[in-house]
Amino acid sequence: MLRFILVRLASAVPTLLLVIAVAFLMVRAAPGGPFDAERVLPPETAANLAAAYHLDEPLPVQFARYLGGVLRGDLGPSYYYRDYEVQELIAAALPVTALLAGLAAAVALVVGLAAGACAALTANSGTDRLVTGLAMTGISVPVFVIAPLMVLAFAVHLGWFPASWTGGGRGERLVLPVIALALPHIAFLARLTRGSLLEVLSADFIRAARAQGLGTWRVLRVHALKPALLPVVSYLGPALASLLTGAVVVEAVFGIPGLGQLFVRSGLNRDYTLVLGIVIFYAALIIVLNLVVDLVYGWLDPRVRAR
Amino acid sequence: MSLRAALSPLAGRTRGVRLGAWLLLGVVALAVLGPELSPHDYRDTNFDARLLPPGLAGGHLFGTDELGRDLFVRTLTGTRVTLLVALVASLVSLVIGVAWGSIAGYAGGRIDAFMMRAVDALYALPFIFLVILLMVAFERNFFLIFVAIGAINWLDMARIVRGQTLSLKQREFVLAAELLGVRPAAVLWRHVMPNLLGVVVVYLTLTIPQAILVESFLSFLGLGVQEPGTSLGALVNSGVAHMERAPWLLLVPSTLLALVLFCCHFLGDDLRDRLDPRRSGS
Amino acid sequence: MRFRGIRCAALAAILVALAASGCGEAGRPADGAVLDRGLGGEPESLDPHRSRSLQANHVQRDLGEGLTGYSASGELEPRAAARWEISEDGRTYTFHLRPEARWSNGEPVTAADFVYSFRRLVNPETAAFYSQSVIDVENAAAILAGELPPDALGVSAPEPLVLVVRLERPTPYFLALLTHPSMFPVHQASVESGRTYARPGNFVTNGAYKLVRWDPGSLIELERNESYWNAAATAIDRVRWHIAPEPLAELYRYRAGELDITDTVPPEAFAELKAERPHELRVAPYLSVYYYGFNLTRPPFKDNPRLRQALSLAVDREVLADKIVGRGERPAYNWVPPGVDHYEPQVPAWANLSREERHARARAAYAAAGYGPDAPAKVEIRYNTSDTHQRIALAVQSMWRDVLGVETTLVNEEFQVLLSNMRAKEVTQVFRSSWSGDYNDAHTFLHVMTSDAASNMTGYANPVFDSLLQRAATETDPERRRDYMQQAEHVLLDDYPVIPLYFFVSKHLVNPDLEGWEDNVLDYHYSQHLRFAR
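Protein chains in written order, with this note's numbering: chain A, 6 to 312; chain B, 937 to 1218; chain C, 148 to 681.
Hints in this document: simulated from the structure, not taken from any laboratory. Since we're looking at a predicted model, the values are computed, not measured. One should not assume that every hint holds.
[Unchecked claim] Cβ-Cβ distance ranges computed for the label pairs, FRET-style:
(1) A:LEU135 to B:LEU955: 11 to 21 Å
(2) C:GLU573 to B:ARG1107: 54 to 64 Å
(3) B:THR1191 to C:ASP549: 28 to 38 Å
(4) C:ARG618 to B:PHE1078: 45 to 55 Å
(5) C:GLU247 to A:VAL27: 58 to 68 Å
(6) C:LYS421 to A:LEU76: 56 to 66 Å
[Claimed, not checked] Which chain B residues stay away from chain A? Per the calculated CB distances, all over 12 Å, these:
(7) ALA957
(8) PRO989
(9) VAL1031
(10) GLU1114
(11) ARG1126
Note that the Cβ used here is the ideal one computed from N, Cα and C, for glycine as well.
Construct the entire structure; sequences and hints are all you get.
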């Protein structure tokens, strides 16, 4: 197990280098620079700015300089926010997005699994149809429709929750964004759980257990749950990616100072260092999370572990 | 699974499945034919008929938008674009994914390990953000949207195809072909690929909704299809701003979007059921 | 099944718990001395020498103060300087600073502070975006080019409270220039402390408020500066600037009671707001012009004034302003917006023609340029992503098609891409742009069209125009100066280097309980002039 983890982490290094290189090239290939604006700078000022940020050096030199900084743990100054370092900005935005995404994932897991189990155990009844119907709606309506609708209904008209991040207390300002972010995942997980649980429940070993007289709850907990969770776990990987895009939308609508919004703005501002910093961070995160997912998968399915 | 099996939902066993299949077909037909049947062009502005609610007045069945353009035509034109983007993007990811996965699975050994390691590495790239960078960098280009979206999705396809190829490799007809001296490329093309069709079709029903949602996300950022062209995602995005005063601008494209996504998921479920022999009993 | 019941009850319980945890009023302190304002974007920095965005300027005007400033109604008034004298030749300004002016740490504001600050502004190492603000001061150009040290700048402090500024040439709008945040003083000890200057805890400022908090992407919080010389007249204790880049989301926040003032109003909501909240919606003319520029360095617009004239005349600006943009904007037929101090906008005669007559003239010019229905002009309009720009481009495209038969392609580009294309002048033909005035004088609009102006994206180079503007710049008699500028604008408009489309308006939603808000053409609304009516 330990060896497995170490090997995976070691192979992450070339991956990260590839990621940095690709992102670096893409950002620099884009026309326009961090200091361009409609009001053209006097040539001397432009020259001084370029020198201060090493933009006048050849590209490979800039890349080497940047890489050297990264290895020392220095992600550089933000090109747009002239008083801030990239690390500071990421460190400020990270907890916000982590909280948001974490809560959304937790809510999605709990509610989605519960709803899916509910539906599976009452297959083809009214409850089942209701849950399935809601789930189908949940994956068919994009988050950038749901989020503003929620703001309009619950914040503006009903006044139950704040309309934005700065409009209320710490607990209440999380409710709407978390629900908006979690909704499509609740729907998807409900469907997934229902399908996989139904499948497992009709399997031979379950029938055998039932035939032996074991109660439903026991059957579920001891025998059915683990294998039923397998597809759920493998869903977690792509779920992360869509949690990211959902976060960008939700952060924009609610004015949340998270990593998603930071990234989009840094791209549009041509804030090279900030863009790269976030890309590196996310890549590292995804690698670690994939590792975790694989470990969980192994725990759930002994057959996989044997491999 | 053959093509006939893939099209079987149209004559599906359950009413629900048949409904889903025909509904999707209906949407496609409407998108293709609808704009031709209407007297309005999707670009025609009419400043005296702005924000008309749906009705039979002035021949605007679904109403008009803030520039006086007919919503019916625009929605269907948008549907065309959305379906086109989704289809082409899925095909792009299909081609790359199938090629990559089947070669890796069939070749086995070192090549397989290297190719799949590359896939793992690429998984770590935050693709959505790179798509954004791409769109920002290279001037919103219709063609580029397909490529960008296709480039996100092929990884999963590659993995699944590789898995499938690995198991197909052991089958008798493949072994027989190899023994007969058929070249690897030909074996791949003539024997392995046709049997991947089932998995591929099923997976398409997953990637199409994904591609649609990615395109609408790009529209949200202002990086999707550009005016005067439009897509369902773009229409929904601009409809949100009019939610309270002109709700039809949101409801009409959202309904169509939801319908398309809904049908794709529904059909995907059904096709997956058929593919998995264990399920046929339940 | 009892089992099913448990599961479903759990589900329900979770949802109820979620809802209950958040119930309650949207939190806004009931304390009336807190002002919540929306900011349409994030400042790149609050250091006056390292910022340039309008958003940064809004916040900086609450934090700092220059020698002069504007009253609530937009009149120039003394601020850090109590009074001043101007020499006969118009080149020497002697400012007498307010003895009671204080920094936020209690130290007095002295002339030496201003000397230090101007030198820092012009110092090439600072690489200040707005170093051009001091360009009229003696030796500034040479210092910027690196030929002289910053100490050579024509500013001196013969006494602690006396500041003398020597200009290269009489600059009639110099006092207006001094209101711009780039001309605010910076606190020398804090700048040289080794810590970043413009961050909470180190940002010593001389204005009505001081910086207490900056959460990037979210909020900038200011607190009353007790040492401010006019603190007694400042009613608001705390100002919270909320970053709100999406106009629709900002509107929702205002409606939910989280904002007292919005930065703008989304176009879709304008009509309804005008009807439902007429006293809260504040629309005022603004010193900014929205225009389409021609690339005069390449065909088809190089040496082709008739085609340019035709395209300009064919655009129906009334429709654009009323129907397409529809938020109170005014159609623009000339370059300098109305409301500029001491200036008469040179509206061309053809602006008063009827639609048909204007179209006829357009067609005549079109034909004279050698085009017609069989030989249509093919033109490209470039604009950056935005709903409004799209709509306007679409409308102009159909106007040109209907009146002249021109075939127009629309090219949508991301802002930075468009900017670099505009600057390169290689691929652009017609491009969308806008120009805002930095101060209330026609010069700020006219000078951008001189042949050597860096921000001249059209490539317009008319020696007659240049020389008229030159003469205006050095003319001390205000009447004659105005005549020169008006003549210059006339010359400009006759050449059709641009198609002015409309003049911007500033639009805000303002809490009806707020007093002291006055519409002005610069859209400056200092928080210190506002108060809650209670």
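In ascending order, which of the hints set out earlier in this document are inconsistent with the structure? none
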